[in-house]
Structure formats: structure tokens, C-alpha cells
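> Residues per chain are reported as follows:
2 protein chains.
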Amino acid sequence: MATPTSAWHRGSGTLNDETITRIDGWWRAANYLSVGQIYLLANPLLREPLTRDHVKPRLLGHWGTTPGLNFIYAHLTRAIRERSQSTLYVTGPGHGGPGLVANAYLEGTYTETYPDITQDDEGLRRLVRQFSFPGGIPSHVAPETPGSIHEGGELGYALSHAYGAAFDNPDLLVVAVVGDGEAETGPLATSWHSNKFLNPATDGVVLPILHLNGYKIANPTVLARIDDDELEALMRGYGHTPHVFVAGFDDETPASFHRRFAELLDTVLDDIAAIKESAAAGDESRPRWPMIVLRTPKGWTCPPVIDGKRTEDSWRAHQVPLASARDTPEHLEVLEEWLRSYRPEELFDATGRLDADIAALAPEGTLRMSANPHANGGLLTQDLRLPDFRDHAVDVPAPGATSHEATRVLGEFLTDVVRLNPSTFRIFGPDETASNRLQAVYKATDKVWNAAYLPTDDDDHLARRGRVVEMLSEHQCQGWLEGYLLTGRHGLFSCYEAFIHIVDSMVNQHAKWLKVTREIPWRRPVPSLNYLLSSHVWRQDHNGFSHQDPGFVDHVVNKKAEVVRVYLPFDTNTLLSTYDHCLRSRDYINVVVAGKQPTADLLTMDEAVAHCKRGLGIWEWAGTEVAGEDPDVVLACAGDVPTLEVLAAADLLRQHVPELRVRVVNVVDLMRLQDEREHPHGLSDRDFDTIFTTDAPVIFAYHGYPWLIHRLTYRRKGHSNIHVRGYKEEGTTTTPFDMVMLNDLDRFHLVIDVIDRVEGLGSRYGALRQHMQDERLRARQYTRSHGEDLREIRDWVWPAAAALAEASGTPLGTGAAVETGGDNE
Amino acid sequence: MATPTSAWHRGSGTLNDETITRIDGWWRAANYLSVGQIYLLANPLLREPLTRDHVKPRLLGHWGTTPGLNFIYAHLTRAIRERSQSTLYVTGPGHGGPGLVANAYLEGTYTETYPDITQDDEGLRRLVRQFSFPGGIPSHVAPETPGSIHEGGELGYALSHAYGAAFDNPDLLVVAVVGDGEAETGPLATSWHSNKFLNPATDGVVLPILHLNGYKIANPTVLARIDDDELEALMRGYGHTPHVFVAGFDDETPASFHRRFAELLDTVLDDIAAIKESAAAGDESRPRWPMIVLRTPKGWTCPPVIDGKRTEDSWRAHQVPLASARDTPEHLEVLEEWLRSYRPEELFDATGRLDADIAALAPEGTLRMSANPHANGGLLTQDLRLPDFRDHAVDVPAPGATSHEATRVLGEFLTDVVRLNPSTFRIFGPDETASNRLQAVYKATDKVWNAAYLPTDDDDHLARRGRVVEMLSEHQCQGWLEGYLLTGRHGLFSCYEAFIHIVDSMVNQHAKWLKVTREIPWRRPVPSLNYLLSSHVWRQDHNGFSHQDPGFVDHVVNKKAEVVRVYLPFDTNTLLSTYDHCLRSRDYINVVVAGKQPTADLLTMDEAVAHCKRGLGIWEWAGTEVAGEDPDVVLACAGDVPTLEVLAAADLLRQHVPELRVRVVNVVDLMRLQDEREHPHGLSDRDFDTIFTTDAPVIFAYHGYPWLIHRLTYRRKGHSNIHVRGYKEEGTTTTPFDMVMLNDLDRFHLVIDVIDRVEGLGSRYGALRQHMQDERLRARQYTRSHGEDLREIRDWVWPAAAALAEASGTPLGTGAAVETGGDNE
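Same order as they appear, the protein sequences are chains H and D.
In terms of full-length UniProt numbering, the first sequence opens at residue 1 and continues consecutively.
In terms of full-length UniProt numbering, the second sequence opens at residue 1 and continues consecutively.
Hints are computed from structural coordinates only; laboratory data are not their basis.
One should not assume that every hint holds.
Copies of the same chain look alike in the list, so a pair counts if it works inside one copy or between any two.
Claimed, not checked - Keeping only pairs whose Cα atoms sit at most 16 Å apart, straight-line, the calculated EDC-like set for lysine to aspartate or glutamate is:
| no. | residue 1 | residue 2 |
| --- | --- | --- |
| 1 | 515 | 587 |
| 2 | 196 | 227 |
| 3 | 515 | 730 |
| 4 | 309 | 519 |
| 5 | 728 | 759 |
| 6 | 560 | 730 |
| 7 | 309 | 460 |
With the hints as extra help, turn the sequences into a complete structure.
What follows is the structure, encoded as C-alpha cells:
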């Protein structure tokens with residue numbers, strides 16, 4: 001299937017009465033089928049008088065927004081056909097599901113997608129019955145709905161999704177309907193500013209339609225209750241040219257308001273075409289893109305009054321206006337009148353097929369919005385051209401001999417990714433791309449910026465075109481990236497670890513979308529949503545407690561295991577290997593947490609690749625095991641800072657408790673810890689037991705909240721031996737080592753943990769235990785008097801690693817060696 | 001300490017040159033001390049030439065926003081003194097910590113609060129040294145900072161906090177500085193609309209100052225780079241009257257720009273006074289409140305160019321402009337020049353005390369913004385007058401004999417709370433108060449609404465004054481409530497369970513704030529943040545999968561145990577008892593998840609109170625235990641839907657496996673499951689083992705993600721016997737029973753779990769197991785053909801509960817009986 005061609009034509013001026021009649025017919029048909037879906041089990045065309053048995057026992061769904069969505073859809077259909085304009089329809093009020101299903105059915109796409117929903121009486125019966133019905137389809141514009149990239153379950157993201165879809169699709173028009181309820185949300189309120197990040201020459205166009213139907217669930221809406229001059233000022237302030245359109249509040253004939261709206265749509269689309277022409281001719285000024293304010297009654301065309309209460313043009317029309325349609329004859333009668341008001345006999349022929357004249361309104365093939373391939377982005381996805389990440393490997397003569405800022409080197413790799421994929425890969429970030437040290441990418445690209453420039457901007461890497469998209473809104477970054485991915489492109493979101501929680505609920509929605517699309521055969525896999533979380537909990541040096549929260553991982557692992565991957569690369573080469581893997585994947589949410597501060601390089605690239613492929617491994621070079629014998633204790637680690645503390649603890653133990661057999665295990669793919677029955681990456685019990693033993697104490701130094709390790713390993717045989725250290729919500733603006741001490745994750749405390757947990761050590765090593773306490777005190781006192789960590793602590797890595805390796809008899813540079821089974825793609 | 005009195009005076013016109021000089025002195029002093037805090041260890045007044053030893057080894061903090069914050073503070077100080085206007089300063093760019101600390105020090109509050117930070121050379125040395133220093137204070141406007149209710153760690157909530165503080169404080173002016181970085185966030189973008197929810201007669205005033213310094217961390221800001229006409233349109237669109245003020249970009253003298261800003265401030269404050277007067281006189285129109293756009297250079301007054309790169313008026317001034325001040329003589333020299341540019345010798349006397357003339361700028365006592373008692377809300381908190389929740393008890397002749405919508409009855413209780421506390425209690429919700437069935441409160445109050453009214457609004461419970469605050473923005477609800485609580489008032493946030501994740505990151509920030517304030521003696525406890533999460537995962541009937549997420553509990557339990565409480569009341573009386581408890585508490589985050597659909601009443605009020613006091617308990621009436629003998633299996637439950645399924649399963653087991661000794665345990669206070677060493681509510685091991693046994697299989701039906709139960713109980717002896725059923729991310733728009741079946745939480749599956757886990761049952765009860773599978777199939781088939789659940793499933797509760805109780809020989813209506821120790825306040 002190819003992308004539809006497009007031309008940004010001006011209107012052709014064919015707005016005759018016949019066309020207007022067709023638009024009205026389409027609208028009535030869509031409204032009729034929407035009401036039908038909400039209420040009817042059978043008798044979809046009212047071939048017989050309506051009885052209670054035709055009505056669903058549970059009436060679930062939302063009528064209020066639907067007629068407005070259908071109105072817009074009908075009009076766009078006309079315009080698209082005339083202009084051959086590839087158009088994607090983003091339904092902000094996604095609970096208007098019946099409307100979008102109805103339109104897809106009218107366009108024929110629904111039947112092509114679901115052949116049992118035929119274009120006849122029986123197909124109509126199935127269509128109406130399945131909606132919000134057990135075993136049927138959900139009530140929203142869900143993945144099941146052809147033409148949708150936006151379910152609209154949680155409100156707020158219609159515009160950011162729309163802009164994400166428009167980026168790098170210069171021929172695509174994205175019409176985004178924003179409900180006036182949604183417009184009150186924070187994410188939506190800032191997403192209007194997306195127009196400062198859109199390049200009119202190389203991106204597509206977003207046409208926002210703010211649908212003011214005046215009410216949300218139980219209240220009027222803010223934007224419907226401010227003066228027109230305020231509303232227009234707001235839209236101008238957002239950088240748009242607003243066009244206010246009002247219909248449905250008086251006796252104006254449908255022919256009249258349809259004509260007015262069709263004319264407005266032609267004006268707006270002509271204006272858009274003019275802007276595109278101008279941009280193509282080199283005009284670099286920021287366009288004041290048109291947008292439409294559409295004021296209609298909520299529940300437009302439903303019974304004005306039900307049970308003596310105003311329903312049309314009221315919040316009462318939000319969900320199901322006739323709640324007792326099955327149980328009271330009065331409601332049943334009103335329902336039948338309501339359905340018949342659309343004159344179904346004019347809309348469908350004797351076999352139940354849409355009237356041919358009305359059907360002629362629709363464009364053909366992929367120009368139908370419900371069949372636009374951008375809404376099934378996997379169809380259009382091309383693999384990224386990836387450079388060989390090994391080319392960016394850092395040289396590791398031995399563990400800890402050198403150090404790098406891992407994300408800075410990743411930036412070099414990403415520079416190549418940008419160069420090789422000049423129009424299908426973007427990096428999103430809330431003003432943190434450089435802070436997270438990816439600034440090498442500016443060698444290859446700029447930050448897209450379509451607001452004003454100053455002469456002093458010369459060296460700031462701002463440009464009308466750019467692969468980096470930065471706005472101080474995590475919501476925008478997430479929403480744009482989602483829209484970009486769902487339309488088949490690639491990208492990553494680089495963010496401070498703590499503040500990625502801002503998009504927790506968006507991740508939920510995206511994970512749910514992916515979970516469902518994986519179960520729908522016609523939905524093709526899309527590129528994964530890749531996070532790079534840096535400036536993490538242990539190194540938020542400038543900020544402190546408010547910026548410390550490693551809990552995003554906890555949040556994400558509640559989602560379906562098939563969809564979620566979590567990686568904690570601890571050095572530069574493992575980060576490179578991990579990210580290469582993520583960028584190749586599909587349909588996942590990949591969470592990568594990585595440090596930006598200089599940290600010890602531990603594995604050569606070959607070792608890193610092997611380690612990442614296994615996801616975890618025993619580091620013989622760092623331990624003091626004797627081949628063939630079980631270790632006395634396992635020191636496990638996940639994350640860059642915990643890994644260094646574990647290595648330091650192993651070094652201390654080697655020096656002070658030479659007879660102790662210590663095994664060091666590093667976990668880079670966190671999901672390996674889970675049971676293979678719980679997660680596709682999960683280790684078998686046999687492998688887990690081999691690595692962690694079933695009886696030795698395991699001291700696990702973990703990057704985040706310690707309980708997560710228990711949650712992941714509770715089924716394991718040796719679980720009760722696992723003792724986890726991690727972030728326990730203690731922090732402030734202080735030194736890196738003080739941070740780990742505040743949370744008992746430091747090397748000295750890990751040694752104490754070993755003494756306390758390995759049988760027999762406590763009695764023999766009381767002095768060492770005290771010494772470790774003293775070392776903690778000394779470290780803290782030094783820090784508090786000097787304002788920095790002891791140099792010996794900062795500079796620990798190389799000599800200790802070397803000593804470890806020498807003592808173990810394992811050549812420096814030898815990585816993990818235990819092979820493990822299972823799929824960790 | 002009493003609230004300062006206020007009068008909304010017009011200006012007194014005393015803007016003479018002397019005052020202007022004082023303002024400039026204050027500003028220089030605040031700037032000087034801010035730079036000092038970022039850089040200096042010692043030599044705070046440059047009594048000797050600056051050397052590297054005077055400079056901190058780690059330079060942490062943010063200069064960029066600070067001089068602007070100081071500028072505003074200095075000017076407000078002048079105006080407050082003249083007008084005796086109680087004023088709270090909300091610092092959106094909270095990383096401007098050094099500025100707020102400096103001002104609190106200049107006002108004397110800092111020394112009053114921390115007596116070792118004296119008003120002399122030594123005090124100054126301590127002041128500058130402690131900032132961002134181990135063992136010192138954090139870099140932000142943290143709880144440690146007098147006068148702060150807003151740390152500004154995560155950006156976006158300055159205005160919603162400010163409005164929350166202003167609600168019901170009619171004499172309070174809240175000046176909220178919004179950074180232009182913050183202004184890009186979603187929550188901030190919608191929070192401008194808060195003015196539609198503020199009553200000018202009975203609430204205080206928020207004066208937003210949008211501080212455009214042009215840059216964020218590494219980029220220009222959107223609002224600084226749109227045309228003035230767009231920016232002003234935006235502010236007018238938000239309902240404000242904007243005043244644009246520009247300074248610092250040219251050679252204008254400080255005397256000149258100070259005079260201009262002082263005059264502007266007088267104009268604005270006079271306009272506010274006029275609006276207040278007008279409102280007091282009965283004018284009900286919505287005021288177009290003034291707001292100020294303050295354009296200054298970022299890092300204003302720092303070295304214009306450092307290392308050949310523009311620094312002042314650039315993003316490079318964001319954090320620490322002279323990163324190598326300690327390590328390069330050039331930077332050290334520039335730093336000394338920079339410090340001396342403020343002419344410290346004019347600002348402080350020979351002993352290090354602030355020049356008396358400058359000091360005279362400040363108002364006295366609680367009129368000092370750093371001493372405003374609203375910023376330490378616990379000082380002003382009055383206990384809620386609570387009605388007796390028992391008056392709203394529902395009659396429970398026997399478990400399951402009746403049913404109620406729990407939240408609807410809670411609404412009746414809240415109605416009384418509203419009546420008894422007409423100005424200190426509010427209910428916040430994102431348009432879901434009625435959907436969550438609390439609408440009884442409209443008998444006592446209305447929804448506050450200060451946007452336009454229509455004649456048709458008569459029965460919609462909208463009013464200029466109202467205790468219910470609804471906007472479709474969870475961010476706004478959370479932010480307003482936080483502001484309201486932190487200034488010492490009470491409230492709750494009613495929200496759909498799934499969408500409370502929208503505020504995950506805000507909860508993090510609030511939990512961190514509470515955690516730290518609990519460690520600060522002068523911070524007094526504030527009322528708890530109470531959630532009522534309804535329309536929960538099992539009963540999002542109209543919406544389905546996108547609206548199903550019970551993971552907020554998982555998120556919250558990562559925060560400090562002292563701060564977090566989680567309750568899962570399963571019926572009306574337990575909900576009433578729980579909520580009464582929450583409304584009395586302080587300094588907690590209380591998460592209450594409760595159903596809104598009709599559900600079986602199980603406990604009488606006396607039983608409910610006893611059960612809630614224990615937090616969990618054995619229900620003898622529902623089990624088939626024999627006194628004195630251990631049970632064969634424990635059926636545990638938490639949450640309304642799981643509780644009913646467990647009771648049904650117990651009933652099935654009683655019928656089909658009569659010899660099985662089943663214990664039924666219900667958990668209402670989830671934190672009881674945790675170890676007493678982990679959580680203040682945690683059960684002792686002894687109590688836990690008594691209730692759950694150490695060897696019997698425990699089938700635990702839990703409301704949310706099943707892993708949470710493992711995370712809470714992993715230390716328990718019998719943990720490996722616990723088998724949890726819960727929501728595993730399977731759902732759609734379907735029937736309630738289909739939902740529990742999709743997640744294997746249904747009664748039939750629980751019976752299968754018992755057969756599979758109790759030794760010996762599997763071999764003997766293969767036929768029952770198959771029968772349960774058949775029942776699942778029958779239930780599903782019925783649902784898919786009829787669109788509703790089998791009536792016998794819906795109507796199960798009463799006969800089954802009666803049968804259970806009769807069989808157990810325990811009188812109906814007898815609740816939990818095992819006493820447990822521990823504090824679960």
C-alpha cells in the first residue's frame with residue numbers, strides 16, 4: 001500500500017446543492033449508525049417497529065460528542081475527494097467511538113477490514129450489536145478502529161499526537177478535533193504551541209478544530225464560557241488564525257449550515273495551500289495557521305428534552321441520553337422517533353447498502369481517512385539505517401582503567417543515526433538534550449525552532465529544520481514521539497529520570513495501545529518507544545531531593561510483559577550496545593536508564609555485546625570464587641552507581657576477608673530477573689539458580705527502589721536470601737558519595753551487609769564491621785567539611801578493579817561467562 | 001501567631017528617590033548574597049582578596065533566574081510595607097533558591113528561624129557556605145526556606161499552588177512568579193484559567209508575574225520568542241490584563257528602571273484594590289485581573305561575557321556561569337569583580353549587618369513574605385468540624401442483605417462536612433464529582449464558577465461561591481488542593497482511579513515536601529492530602545481498557561512510609577469510617593479506592609469501625625473454620641469487587657468441598673500487610689502469621705496489580721504460599737463479571753486456585769474443577785449472547801452470605817474478631 005499522493009490543491013469551487021445534499025445524507029447516516037450502535041441489538045434499519053428486545057440491556061457509550069465528529073468527518077470527506085488531500089483524522093474526544101466506526105463503515109473500510117461486517121442488513125445488525133458489547137468492540141476510537149492512531153481514552157494529547165504525525169510528512173493534513181473538555185487539560189493547553197516546532201516546508205499541516213459543544217461530563221466548559229473576544233485572543237496568542245463557526249442553536253436549515261461550513265473549510269484549506277506554496281517558495285516566516293472553532297450543541301440532533309430535562313445542548317447528552325430505552329415504553333418511543341428523525345429509509349437501500357449517491361461523497365482508496373496508511377504506521381515503517389555502534393566503542397584496556405560519560409558517547413552514535421536517517425528519526429527532549437550530554441548530535445543537525453530568532457542565536461543550533469525537538473514539556477515530547485512512532489517513524493525521548501513520571505499516564509495509554517494492536521492482525525508493528533533516562537537519582541547534583549525518583553521502572557513493569565523492556569547499562573559500551581538493540585526493535589517500550597557523569601569503563605565492546613545479549617552475567621574478574629565451588633555470597637548490581645559500589649565492596653572484601661568466596665553478578669536487562677513464565681526475557685529457574693545460587697546470601701545493589709527487585713524475584717527459590725539496597729527516598733543537594741551513603745548503598749555498607757548475612761562472619765569480623773562504620777563516618781565528615789568526596793573514593797575504580805582482577809587470576813578484560821537460555825530480544 | 005491584617009489599600013504615593021535607592025540597595029544585597037551562596041565557602045564580605053580557598057569545590061545551583069526573583073522581591077517588599085498587604089511569594093523557578101534564602105536573611109526571618117545564621121560576618125559565612133553543601137541546605141526553594149510553600153523542583157504548578165493558597169483567604173495576595181521555561185509545561189499552560197474559579201469577593205488575589213528571561217537550560221523559550229501582540233493576546237485570552245515591563249537590555253540606570261517598576265506595581269496593586277472594592281460592593285462580573293510580563297536578561301547583572309561567550313542574557317547563565325572559579329585564576333578574578341560590582345561595602349556594615357537604611361525597606365513581622373504564616377499552614381490549621389459519620393451508617397441486617405453505592409452515601413456525609421466547615425474545606429475534581437456519585441454535596445453547596453452563565457444553568461449547581469472545584473485537569477485539582485492544604489486548610493480530590501496517574505509526579509513532589517517538613521521542627525503539620533479514587537478498574541463500564549489502571553497505589557507506596565496510607569474500603573460503612581479517619585489526619589497522603597456502583601453492605605457500622613481500626617480481619621461468618629484448628633486455606637481479599645468474589649468462592653467451597661476449612665480475611669488498610677519495620681501500620685510477624693498462617697495456601701484476591709501484594713509481604717514467613725489474583729492488564733468495554741473473568745479473579749477461578757493449591761484437593765476434586773471451568777464458559781457465553789451478566793451472578797450476594805453465615809454457625813452480622821497490635825493511625 002502506498003502513501004496517498006497529495007497536492008495541497010486550492011478548492012475547485014464545486015459546492016453545488018447536490019454536494020450539500022450528499023454531505024447532509026452522510027452526516028445523517030453517520031449519526032443514525034452512531035445512535036444505532038449505542039442502543040440497538042437488532043433491527044438496525046427499523047424494518048419493523050422498535051421493541052425492547054431490539055435494545056441492548058446495558059447501554060454504554062457516549063453520544064454527546066459524536067454528531068459533531070460526524071459533521072466534521074462528512075465535510076472533510078467532501079473536501080478530500082475534491083482535493084485528493086491525504087488526511088488523517090485525530091479524534092480528541094475519542095469516546096466518540098461510534099461516530100468513527102460509523103464513518104469507517106460508510107467509507108467501506110470497515111467491511112474491508114472486518115469482512116463479517118458486511119454492507120447489508122445483516123452487516124448492519126452486527127455493526128450495531130458489537131459496539132460496547134461483550135466480545136465486540138470497545139466504546140472508544142480504539143486500535144480496533146480503522147484510521148485511528150489516537151484512542152482518546154485519557155484526554156489531552158490530540159494535538160501533540162497530530163503534530164507528531166505531521167512531522168516529516170510534508171504532504172499530510174492532520175485534522176485534530178479538540179473537545180472543549182480536553183481543552184481544559186494541561187497537556188492540551190500547551191500543545192497549541194506545537195506550531196513553533198513545525199516547518200511548513202518539510203512537515204505536514206495540522207488543522208485544529210476546537211469543538212465547543214459547551215459541556216463535559218457534568219459541567220460547562222471553560223472555553224465555551226469565555227467571551228468570543230477572549231477566545232479569539234487566546235487562539236491568536238497560540239499563534240493561530242481562528243475561524244469561529246456556529247451551528248445548531250437555531251432554525252437554520254441543514255442545507256444552510258452545511259453550505260456555510262463547506263465554504264469555511266474551503267477557505268481554510270485554501271489558506272493552508274497558500275501557506276504551503278509560500279513556504280515552498282522560500283518564505284521562512286512562521287505562518288499563523290488557520291484553526292476552526294466549531295460551536296454546536298452537545299448531542300446535536302438528539303431529543304431536545306427527555307423526562308422534562310433539557311438534553312440536547314446540555315451535559316445530559318454526554319453519555320447515553322435515554323438510559324431506560326429498554327425498560328420504559330416512553331424512552332423506547334423517543335428512541336424510535338430519534339432514530340427515524342435521520343430518515344434511514346433515504347440513507348440505505350433495500351438490501352441495507354448505503355445509498356449510492358451518498359456513498360459517492362467519499363474519496364477512494366487510501367484517501368479515505370479510515371484507510372489512510374499513516375494510521376497504521378507499521379505499513380509505512382522503514383528500518384532505520386543504523387551505523388555500526390562498534391565504531392563508537394571506547395577502548396577498555398581493563399575494567400576501570402578509563403572512564404567516559406556514557407551518554408556523551410551515545411550522542412556520537414546518535415549523530416550517525418541522524419545523518420543516515422535524515423527524515424525518519426527524531427530526538428525529543430524537554431530542554432535536556434545537552435544536559436543529558438547528547439550534544440554531539442548538533443554536529444549533524446539542529447533543534448527545530450520556528451519561533452523568532454535573534455542575531456545572538458548563531459551558535460545555539462536552532463534551525464527551521466532539525467532532528468532535535470525540544471520544548472519544556474514532557475507531555476509534548478511524549479505526545480509528539482507517540483504520534484511520530486504510530487505513523488511509522490523512529491525516535492527517542494531523552495529525559496531526566498525523575499520527571500519522566502510526568503508522562504506516567506501517557507505511557508499507560510501507549511502501552512495499552514501497543515498491547516491491543518499486537519492482538520489485531522491488520523495492525524502492523526511500529527517502532528518502539530525508546531527512553532533515555534539520564535541525570536538520574538544518584539547524580540542530580542545541582543538539584544537534589546525533588547529531582548530524585550527512580551520509580552518510572554516500577555510504573556512501567558505493571559504493563560503487559562510483552563510490551564515492556566528495562567535496561568540499566570552501567571558504562572559506555574553497554575549503553576551503545578543496548579541502544580542499538582532498542583532502535584532496531586518494534587512495538588516495545590524500552591526504558592534505558594544511563595548515567596551522564598564520567599564513569600568507569602568496565603567492558604570492552606565485545607564483552608559488552610555478549611553481556612547485553614545475556615542480559616546479566618557473572619563477572620569472574622571481579623569476584624573471588626574458586627572454580628567448581630559455590631560462592632559464600634553473591635554481590636549483585638544493576639545500574640551504573642550500584643555497579644561501582646559493588647565492585648568497591650568486592651575489593652574491600654578481597655582485602656579484608658580473603659577467604660570469602662564472592663561472586664559478582666551484574667544485571668543489565670532487568671526483566672531477566674523475572675520468571676520466564678512472567679516475561680519473555682525472564683530467566684528459567686535453572687539459570688537463575690545457577691547464577692544467584694539457591695542458598696548463598698545475595699546482596700543486591702539496585703539503582704532504584706529496592707522493593708522492585710523483590711517484586712521481580714519473589715518466585716525464585718533463593719528469594720528469601722536476597723537483600724536489596726537501593727534508593728529509599730533519602731536525598732538532598734550533596735555529593736555523589738553522600739547520596740549513596742544516605743541510602744545505605746555505599747561500598748562500606750555493602751560490606752557490612754555481607755558480614756551481617758554470611759553465616760559466621762559476624763562473630764569473626766566485628767572489627768572489620770566497625771572499621772566500615774568508621775569509614776562511613778570519615779567519608780561523611782570529610783564531605784561535610786570539604787564539600788566534596790574523598791579523593792580516594794572518587795578515584796577508586798582502576799586500582800581496585802585491577803586488584804580484583806589480579807587476585808581472581810582472571811585476565812583483565814574478561815567479561816561474563818555463564819551462558820543463559822531464553823529470548824531477550 | 002496571627003494572620004497579618006490586610007486592607008487592599010490603594011497606593012500612598014511615597015515613591016521618592018530615597019525609596020528607589022533602598023530598593024536598589026536591597027536588590028544588590030540579595031543578588032550579592034545569591035552569588036555568594038553559589039560560590040563562596042568563606043570571606044563572604046570580601047574583607048580580604050578572594051582566593052581559590054574561598055570558593056566551593058563543587059559549584060551547584062542556578063544563577064539565571066535569581067536576579068529577577070530578587071528584583072521582584074525587593075519591589076514587593078516596598079509595596080507591602082506601604083500597603084500592609086499580607087503577601088505570599090510563590091517562586092515558580094524554585095531553583096532560584098539562593099535568592100529566596102537571601103531575601104529571608106535580609107528580612108531577618110532566616111536568623112529568627114535558624115539562630116546560628118546570625119546577622120554578622122560569621123552568620124554570613126555560614127549562610128553562604130551551607131547552600132548546596134553537604135549537611136547544609138538544598139539548592140531550591142525547599143521546605144527549609146522560610147516563606148515557601150512551593151519548592152519548584154518539578155516545574156508547572158506555581159499558579160495552581162498560588163490559587164490554592166488564595167482560595168478562601170480573602171485578604172491574601174499571592175504573587176506567583178512564572179518562569180518562561182515553566183510556562184511551556186502543560187500544567188502551567190492551563191493553570192492560567194484558574195481565574196475562572198476564583199471569587200473576587202471571598203477569595204484572595206493571585207498576581208502572576210511571567211518572568212521572561214528568554215532562556216531555559218539550553219534553549220530560548222517559546223513565550224519569549226513570540227511577538228508582543230501574540231503574547232498579549234495570549235494573556236488576554238487567558239482572562240488577564242497584561243502589563244509588559246522590560247528592563248536590563250540597555251543603559252537605563254537602575255534608578256530609572258526601579259522607578260518604572262515601582263510605578264507599575266503601584267498601578268497593578270491599585271487595580272487589584274479597585275477590583276476587590278468593586279467585588280465587595282456586589283459586582284459579580286469576572287475581573288480581568290492584572291498580570292505582569294517582566295522581560296529581563298537571564299542572569300541579569302552577571303558578567304556579560306565569559307570565556308568569549310555571551311553569558312548574561314543567554315542560556316549560559318542558567319546554572320553556574322563561572323564553572324572554573326576555583327581552578328582558573330581568570331575565572332576567580334571575574335568572580336571577584338562580579339561580586340564587587342554589587343558594592344558590598346555599601347550594603348553591610350562593619351559587623352556584617354545589613355545597612356539599616358536598606359533594612360528599613362522591609363515590612364515587619366508577619367508582613368515579611370518570608371514570615372507569612374500562610375507559608376507554614378500548620379500554624380493556621382483548625383481541625384475540621386466533623387459530623388458523626390455513624391449518622392450516615394447504612395443499616396446492615398446481615399452481610400449482603402442490602403446494597404448501596406458507597407460513594408453516594410459518602411456524599412451525604414461530605415454534605416455535612418461542607419455545612420460545618422463553610423470556609424476551610426473543599427472538594428476538587430476533574431468534572432467527576434457527580435460521576436463518582438458525590439452529588440449529594442450539592443444540597444449544601446455548589447460548584448464554583450466564575451466564567452459566563454447561561455439562563456439554562458439554573459439546575460446545574462454553578463455559583464460564584466462553591467465548595468466544589470471542578471475543572472477537567474487533574475493537574476489543576478492536585479495543584480489547587482496542595483496549595484489549599486499547605487496553607488492550612490482541608491480537602492479531598494475525587495478522581496477516576498486510572499487517571500490519577502496524571503498527577504504521579506506531582507504526588508512525588510508533595511510526598512517529598514511532606515517527608516522533609518516532618519523533619520523540620522518549625523514546620524507545623526498540615527492536613528493530609530486525601531484521594532477518593534472511584535470509577536475504578538473493575539467498573540469503568542462505559543469506557544473500558546484505556547480507563548483501567550489500578551497502579552496509583554504501586555506508585556504511592558514507593559514514597560516514605562511515614563507519609564503514605566492506602567485504604568480499600570469494600571462497602572458503605574467501611575468507606576464512611578475510613579474517610580472520617582482520613583479527614584482527621586495530618587501530613588499524610590491518604591489513598592482511598594472505593595466503588596461507586598451498588599455493592600453489598602457487609603458490615604454494620606460498629607463492625608466497620610472495628611474492622612477499619614484493625615485494618616484487616618478474619619471474617620468467621622464467611623469461612624468454614626473450626627475453632628482451635630488451623631484452616632486448610634486462606635481466602636484473602638482487598639477491594640470491593642475482589643471481596644465479593646472471595647465471598648462467592650467461599651460459598652462455592654462450602655457447598656462443594658464441605659470438609660475444607662476455609663478462612664476468609666479482608667484487608668482494608670493495605671499497609672497492614674507490610675512489616676512493622678517497614679511501615680508504621682505494618683503488622684508484627686506474629687500477628688501476620690496468626691491471621692494468614694505460615695503454612696496454609698493463601699489465595700489473595702486483590703483490587704490492583706497482583707505483584708504489589710508480593711512486594712508488601714515478601715518478608716513474611718508464609719510468603720511463598722501466597723498466590724495473588726488481581727488486574728493483569730486485560731480488559732475492554734464489557735460486563736463487570738466478564739472483567740473479573742478476563743483477569744482470573746472470578747469466584748470460579750478462585751475455587752480452581754484453591755483446588756490447585758490445597759494439597760490433596762486436586763486428585764479428589766477434578767470434577768469440581770471441571771465444573772468451575774464449565775461455569776466460566778457458561779458465564780462467558782451468556783454474557784456474549786445477552787450482553788449482560790447472568791442474573792444468578794449479579795444477585796449472588798445475599799443468599800450466599802446468608803448460607804455462609806448459617807453454615808459457619810456464626811450469627812449474621814458478626815465481623816472480624818482477631819485483635820492485632822500496632823498503630824494504624
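> Hint by hint, where does the structure go against what was stated? Just the numbers, ascending.
Checked against the structure, the hints that fail are numbers 4, 5, while the rest are satisfied.
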